[in-house]
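Participant: In order, the protein sequences belong to chains A and B. Per this note's numbering, the first sequence starts with residue 1, numbered consecutively. Per this note's numbering, the second sequence starts with residue 800, numbered consecutively.
Hint data in this document are derived by calculation from the structure and do not stem from the laboratory. There may be inaccurate statements among the hints.
Not close to chain B: a few residues of chain A, all C-beta gaps over 12 Å, as computed [what the hints assert, rightly or not]: (1) A50; (2) L399; (3) P637; (4) S682; (5) A702; (6) G705; (7) I732.
These stretches of chain A come out as covered by chain B in the derived footprint (C-beta under 8 Å, 3 or more residues) [stated by the list, open to error]: (8) 265-276; (9) 685-697.
Predicted, not measured: the structure shown is a model, and the values here were computed from it. All C-beta atoms in this analysis are idealised placements derived from N, C-alpha and C, irrespective of residue type, glycine included.
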Amino acid sequence: MATFDQGIGHCGWSVDVATVTVGLDGIVTGWSEGARRLLGHGAPEVVGRAAADLLHDREAPEVAGLSRTGSQEWSGTAALRHRDGHRVEATLHAQPSLDGDDTPQGFVVTVTTGPAESEHDRRMVEWAFSQASIALSTHTPASGSWHRNAAAEGGEEPTDADEDFLRCVRRVAEEATPMRYERLAPETPAPVPASARHRAWIIELWPVRNPATGEVVGVGTAAFDSSDQHSARQRLALLQEAGTSIGTTLNVTRTAQELADLAVPRLADFASVDLLDSVLRGEEPVPGPVDAAVVLRRVAHQSSAEGVPEAAIDLGGTDTYPPFSPPVRCLTSGQPVLSGADDPDFAQWIAGHETRTARVEEYGFHSVMATPLRARGSTLGVAVFVRAEGSPPFEQDDLILAEELAGRAAVGVDNARRYTRERTNALTLQRSLLPRDLPKQAAVEVAYRYLPAGTGAGVGGDWFDVVPLSGTRVALVVGDVVGHGIHASATMGRLRTAVRTLADVDLPPDELLTHLDDLVVHLSSDKEDIAPDEPYLVTGEIGATCLYAVYDPVSRVCTFASAGHVPPAVLLPDGTASVVDLTPGPLLGVGGLPFECTELELPEGSLLAFCTDGLVEARDRDIGLGLDRLCETLAGPVPSPSLEVTCDTILKALLPDSPADDVALLLARTRALHADQVAAWSLPSDPAIVADARAQASRQLAVWGLEDASFVTELVVSELVTNAIRYGAVPIGLRLIRDRTLICEVSDASNTAPHLRRARTYDEGGRGLHMVAQLTQGWGTRQTPMGKTIWAEQTLPVG
Amino acid sequence: MAARTRSEDSGSGTHTLGLLYPPAGRGREYTTMQLAFVGGVAEAATTHGYDLLLSPGHTHEDPSFLRMVGDRRVDGVIVMEIRREDDRVERLAEEGFPFVAIGRNHRADVSGWVDLDFAGLAGGCVQHLADLGHTRIAFVNRSEQLFNSGYGFARLGDEGYTETMKKLLLTPRAYLCGDDLASGEEAVERILQDDPATTSLVTQNEAALEGVYRGLTRHGRSVPRDFSVVGVSAGPWAEQVNPPLTAAEIPAKEMSRVAVELMMQRLRSPDAPPRHVLLKPLITLRASTGRCRPVPGSEPEPEFPDFDLNF
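Go ahead and model the full structure; you've got the sequences and the hints to work with.
Facilitator: Laid out in structure tokens, this is it:
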């Protein structure tokens, strides 16, 4: 029927038949080509010789098996000798060759080698073929006919309808090489869920040759069910993909979602990831098992259906899981848990939750795997995989896969959690160092923005500040510490605090920067003492720049001093914008070089724009170009009335797409105190004038309608003027400012500042400033180029 | 005597005060200062429950004045813009009519008055400049005509200025100047001609101020960088010039209030001796004065001490 020959050459199953005629006398009378092939002798060598010569042992034929069958027929086995001497086992079948009288003339002997080829054997082969447990078939290309065994007929393996398969068959026939064809069961349409296991086959194809001619006459096929192998490969592919697609970002939620997305539909019909709440806040999770009911927050879920209708918990929602529920059991044991409809715990869990009950019923959830998300010894949460109606239940293999996936996701989540914590820390630090609500002051209207650099570089050392000063003046500060990360933020915090403190002392801008410069020099030398193996500390110099400006709304003069900082831009009310021409000054920390003040009188309503180099400097343009663009934007076609909007406009116009440096922007629109809000008088150095000064102040308060404040004001005026006359130097000035508060200032030409001293019982003096301090909201002193000013501030009487 | 009878049957008076003020001057317009006084008196009178009858009269023969006094249509009269010897005051004193004067006069024995301490103000201005380091301080007074007529403040100011300068051991240089722009320019011309090293001036001629500024600008003197100007002036005027004038302000409202109060006291106790109030307002600092900087070239460059260092 079929010959199975995988190689070339004669061996095993090959059958040769030779025919020989032998005379009654035992002399060979005829010799066939088959006989020659079998025994190597040519006809001339053999014809005429005794047939017995061909026997191997030259003895009488092993008559044992040689029995006469019927009258003259006999058959049996004999050992023949090949021409080259080797032994050929053969089956002989001799039949008498009869003449017309039924008299034997000789014998036709059929010599066959190989096992006995009987009709019985042939049938055995046939039966074996048809009943084989594997699907077998043969194909004859010439006729295009197929011959299949029972397994092939009944199975789902390819038929002649499968075009790919047929192409493969043709190739085998044409190229005469064995091939292997793999085939998946065709996708069956819903309701069979996609997670149901695919059936797969491997089909071996080989060419069938005619052994005699070597010509390919057909193709044999054998199909093996490779479903197990296929699903193992699928799992491997899934794991491989998990390596690349889980944990692509340092975002907890995103990582969880990646796990859910990957698992559906290939592993489960529905997957959810729930985390302990602490993990989401970036806190260190509690190590060890949890035993009581656990509150978990849904972070991600996925299903094959749009909108994930299967979920019983909304994203971001929490639920309490009882201790017997599979998720908590897996958390407790640290091992994945396989559960399902047949598990009483599962049933109890589902029954205890109304929405869950409904969902399980609706979608036919019957098999559940819960795997803990564990990384570095601590438990972060749980991943749950569910199969719905129509999918086979989970098996042990699936559990291993789920555990593996969950493990990868857990590491990703833990990384993200740690990163979140670090970044949160750094941002918290920076935010705590930057002003949140700028102090209320009337000198300027401000708006500001701080943008950290993109995720790569993290937080930086930019800062800005608005510090109200005495006499309704205000200090505007913007600075930049070179570098990124916590280190830069911390340095920024120190500098900002220092600037605030120095501003509070009311130092002029150039002096303030000199002090700040000293501080940076000290900080830099401090750092050299720190162990050099501290990786996060940059030893040596701190690079920092700072711009400090003081605006006085009474004189409308803004005084700038810069320590190597980007100069500010100013938009005048007439719509012209320009960069303020400043002496750039040395960087902070250089030490020893002077800073210079630049004064600029600004019309009321001028807009000052302070920024850091992150805004105006970019890879593709230098600072000059950036400042030009800043000016253009400021003077833009429609000047916006709102500073907030202007802030956004500027950021939009100047900010590169992915800022490499952090950016601080501070806008300040100047206000001016009008003549009717300020009154100033010159006082002669004559003690008699004190009464006049008091009266004048009182009259001024009456004009302002602030009679209620006159008692305290008169007292303050008396004290301060008396002090100035007694200890100070001419010229002496008295100034009242009515703004958000009532400010009384007395200035004189002496630089000696007063101190609060403790008056003893019988001391005549020394009580004045105490009284002023007690009666007013605050008092202080500031040095001026021409002496000092002592000020006291009162809250305005209500109404 | 009539006044006494009136106050005896208290409450039966007219509850009206009269205000005598001179008619509008040149240009037929009242000055801000005059209007401020009128408003101030009216306001202060109202707070005491009195109405105000206005009478623009310059002499005692003015019919409006005669009607007011002769018909006793008012309980008392406040007289504005007084000369040292004023026939209105004379007439009121003769009549024994209760009156209070805004401005000093020779009948201080019978009437109360409120006035500014012009001498003290001019002195204060000098003092202010001296405090800032100025030593060459000129004085720009009102016109010669006014100075010679009875207007007291022109003379008082001059006295105050001269006295203070002498006290400070400085040389006084006072100039009379017409009440107009051109005179102001011309005054500066004279000042700088007499002493080019002058660095400051005191003026009580607000009408000439703009001219003074112009003259200074023409001579390359920038206020307040290299020339300080301080004056006696009404508030709005001082603020309208550029740079705003540092000046002792004439407190019109305050003076009106004091005048009405003196009148009230007079009506309440007619036998009490008349009170006199002399106000000396402070100098309001604005932008026209600054530290003295020597006129370029007028003083030798300070030499730096030679420390004679040996390294």
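Participant: It remains to establish, for every hint, whether it holds in the given structure.
Facilitator: Going through the hints against the structure:
With a cut of 12 Å on Cβ distances, A50 (chain A) stays outside the contact zone with chain B, its closest approach being about 141 Å. Once the 12 Å rule is applied to beta carbons, L399 (chain A) is consistent with being away from chain B; the minimum gap is 88 Å. Annotated as non-interface, P637 (chain A) keeps its C-beta farther than 12 Å from every C-beta of chain B; the closest such distance is 33 Å. Distance check for S682 (chain A) against chain B: the nearest CB is about 4 Å away, which does not clear 12 Å, and the non-interface claim fails.
The Cβ of A702 (chain A) does not lie farther than 12 Å from every Cβ of chain B; its closest approach is about 10 Å, which violates its non-interface assignment. Residue-level check passed: G705 (chain A) sits 14 Å from the nearest beta carbon of chain B, beyond 12 Å. Non-interface status of I732 (chain A) relative to chain B is broken: a Cβ of that chain comes within 12 Å, the nearest being about 7 Å off. Against chain B, the region 265-276 of chain A contributes 0 residues with a C-beta closer than 8 Å to a partner C-beta. That does not satisfy the three-residue criterion, and the hint is violated.
With 5 residues bearing a CB less than 8 Å from a CB of chain B, the region 685-697 of chain A meets the requirement of three and the coverage assertion stands.
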